[in-house]
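**Q** Listed below, chain by chain, are the residues.
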Amino acid sequence: MLTLSTQLNTYLIIGAILFGFGIFGMVRRPSLIGMLIAVELVLSGASINFMAFNRFLAPDPTVGQIITLFIMAIAAAEAAISLSIVIAVYRNYKSIEVEDLVELKG
Amino acid sequence: MNPSLFSPEGLAGVIFLILIGVTMIGAIIATCTQRLIRSVSGLAVCFVGVAGLYYFLNSPFVAMMELLIYVGAVCVTIAFAIMLAEPDERRLARKISGLSGGLAAVCGGAVSFALAYAAVTGHWMAPATPVNDGSLKMMGEALLTKYSMVFELISIVLLVAIIGSMALARAGRRGN
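Which chain is which? The protein sequence lines are A and B, in order. Going by the working numbering, the first sequence opens with residue 131, and the numbers climb by one from there. Going by the working numbering, the second sequence opens with residue 3, and the numbers climb by one from there.
This is chain A alone, in the form it adopts within the complex:
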């Protein structure tokens, strides 16, 4: 049990579980912000996979770290954009529940 941190499979399984939690939250959450939180979990699981392969298998150990930094930048941009969309939706509908957003005409 105590040598888990030196095995590739540990990190891959943690990444898979985080990804699964993200999918779970995305289907289950009725509100837009909850779905955004689940998307962050999915991105985090993907980052863990990149970092694990980077540590154990990759010939150049800088590549995975740089990819993870880029994923963080993309996630920050995505969070900013989607939160401003959520604010705009809330102004129009007074709700951020997915079920209430049924009008298509802009």
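For the record, the hints were derived by calculation from the structure and aren't laboratory data. The beta carbon of each residue, even a glycine, is placed where N, CA and C say it ideally should be. You may find that some hints are simply not true.
Some, not all, of what chain A presents toward chain B, calculated at C-beta under 7 Å [as the list claims (entries may be wrong)]:
| # | residue |
| --- | --- |
| 1 | L132 |
| 2 | I153 |
| 3 | A176 |
| 4 | F200 |
Let chain A serve as the given structure and place chain B on it in line with the hints.
**A** Structure of chain B alone, referenced to chain A:
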């Protein structure tokens, strides 16, 4: 092979197990609570655990960036958005039906199991000999030489995201 509990390796293993626990508990709180603000707190806890896992993967710089960007920026931004667009608390009770929760559990469990199965049974290539030590100095050199184009592109993406989010949040405002 199996270190004793009180050797440095054993203590590191215990800390690693604790970090896995923190990550999983954070993910459970982030997805299973009713209130969104608790969910954001769970997300922050989960990211603290993930930052610890990055530290175990020989990347203290990425671990610090995880703390700064995710816990310090993304979670705080989501918390502000929740304050601005507070969902109606009275309607929370009826929202999550059993069918939706069951479907979500089946979907998430299936995806998670498939990924974990593929990871465990897959045959990965043999570990390559590292060409450098993956230190912060090497990362900086790679960012400014080999990946300079990507670096500039990501800054443009961030600039567009800032301008776009300001424009979007302003568009729906009434009374001006």
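**Q** Report the numbers of all earlier hints that the structure fails to satisfy, in ascending order.
**A** Checked against the structure, the only hint that fails is number 3, while the rest are satisfied.
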